[in-house]
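Here the protein sequences line up with chains A and X, keeping their order. If you're matching positions, the first sequence starts at 833 in the numbering used here and goes up one per residue. If you're matching positions, the second sequence starts at 3 in the numbering used here and goes up one per residue.
In case anyone wonders, no lab produced these hints; they're calculated from the structure. Only true hints are included.
Below 27 angstroms or equal to it, Euclidean Cα-Cα: the simulated DSSO-like pairs (lysine-lysine) are:
(1) X:K88 / A:K947
(2) A:K947 / A:K1029
(3) X:K242 / X:K165
(4) X:K242 / A:K947
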Amino acid sequence: MNSYLPRTLSGIVYTGVIVVFALMPVFVQFSGQIFYLDIFSRIMILAIAALSLNLLIGYGGMISLGHAAFLGIGAYCVGIPVYYEIYNGWIHLALAIVACGVFALVTGAISLRTKGVYFIMITLAFAQMVYFTFVSLEEYGGDDGLVIELRSEFGSWLDLEDNIALYYTIFAVLLLSLFFVHRLVHARFGRVILGSKFNDRRMQSLGFETYRYRLVCYVISGILCGIAGLFLGNFTSFISPEMMDWTRSGELIFMVILGGTGVLFGPVVGAGVFILLEVWLPQIITFINGLGLGAKLPHELWHLIFGVTLIAVVLFGRGGIHGLLTRKKRP
Amino acid sequence: MDWNLFVIQFINGLQLGILLFLLASGLTLIFGIMDFINLAHGSFYMVGAYFCATLTFLTGSFVLAALIAVAGVFIVGVIVETTIVKRLYRSDHLDHVLVTFGLILVFDTLVQMIWGPEGMVIPLPAVLDGQFEVASLVFPSYRLLIIVSGLLVAAGLYLLVMKTRLGMLIRAGASNRDMVSALGVNINRLFMLVFALGAALAGLSGLLIAPITETNIGMGNGIIILAFVVIIIGGIGSIKGALYAALIIGLIDTMGRSYLDSLLKSFMSVQNAETAAPAISAMLIYILMAVILAVRPQGLFPPAGAA
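Just chain A, with the same shape it has in the complex:
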């Protein structure tokens, strides 16, 4: 038998998820449910962002509560050039990489000197700085945000105005990111990062300057999240500081935990389940109300269910969805 076929339950599920991603536009063509193309585009974009955060949280043990800032910076790297009628996508991409890289380098260099709670709070503080900067930039819409008139242009061979082309571009970037993160965490670099998560002092006494490794990891993660932001901007065609509100960073962490920390594919599943819950819960409530059972459920109820799920996952669901899939049955 071909040894590349998945054998474990988790392997089968993850392969299935990729197949679903790959075939979604086909399903949409036949069923006419265009709605789902949007939802799955969003899932894949947030999956890339969560993937980058997993590098920090899952592999590096660095709990950043400010990761949405990179998402926002990436999106504004499309929005601001487009505002000046610069549509070249390669310029947007270069801007996003440079801006997120520099921001991650500077803030990371300061943040990584701290540990634990202080690290959580200082990343949050830096993200708040970015948030307030964009709120006060009235030239670019301030609080109200900025409409992106035309999407990034990467050349005549790729038209992102076509939603299906955009979908497959995001899909390709997601696959590339998964491959990249896989190689990274299995390389010497990733081993050092993982080692310093469990015992930083031991890694240092082995002769690794873990601070530098962690800083590089922070920069890579920031850039990857910025690229997700670039697509988020292109996809929504509207950007605002609200994208980098600290609650957005909290949602990204939740996606990572929901899928399973330190698992390559965890954030992808986490982002998927998160977005689908967000889409389906209100629909289920509308459906139940439509049955005419008398008492109407309030529409906000889905937020409540969402919050309770969040708490339940942490209290009872060790290891997230990956943990469920790989849990061994007791003999």
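Starting from the known structure of chain A, arrange chain X on it as the hints suggest.
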């Protein structure tokens, strides 16, 4: 210089500082003693405001409503601690962040379901709703009341922490909780009391601001971040640090917003100053925090004996 404006801004800054202190003092104790990150602390702030709004309409008295509301938030704090938070003291910080993030969603939704999406106005008694004049300077009465009552609470807290047995245990817990527990103190009950006390203080903070800003859903989610900045700057676990840091943050934030543009105009073009000033003033306190963390990671006034 317009002294009247300066006085008003100074009072606004103090008032923000006092509200931040009420929020941060509980947060810093919960943080310092239980090593628990409570992002949902701002929810108690919101709940306090909503309790007080409803009770003001029911009882007709703002002061009476405020007292009952604080007790109500204390009970909410006890419930949250015993049902959820208690299980998490041994988990890592990531779990704290997530669970309390979930709690924020739960609280925001519950408040919306109970009170509706519209904000509520709390009417003030006529005595408080006005201003008075001293030496041609105008002082708004209610804001002064906030400052005075906040300082009274701070004094009460000081007496509680420094002069009572409970306070002694709290201080001991902030320095070394394992040792306190080993000496035979019922640490679970101490934790519950501290958590609920912190919740009540946050509720007080929320209900004090509500007559000025109206209540609204998620009102605690913005200010809680400021409160975190306060406790990081002040030193985790230190009430004294929380007081000083809260006043510094309150004044810097308020004064920065009103005076930074004229300051910048003295050495920049008017147009540049007007674009830069709001951005810089919004970032000022975060810059301050980053600098303090870089230079003095344990904060300005870390509690004695804390590692």
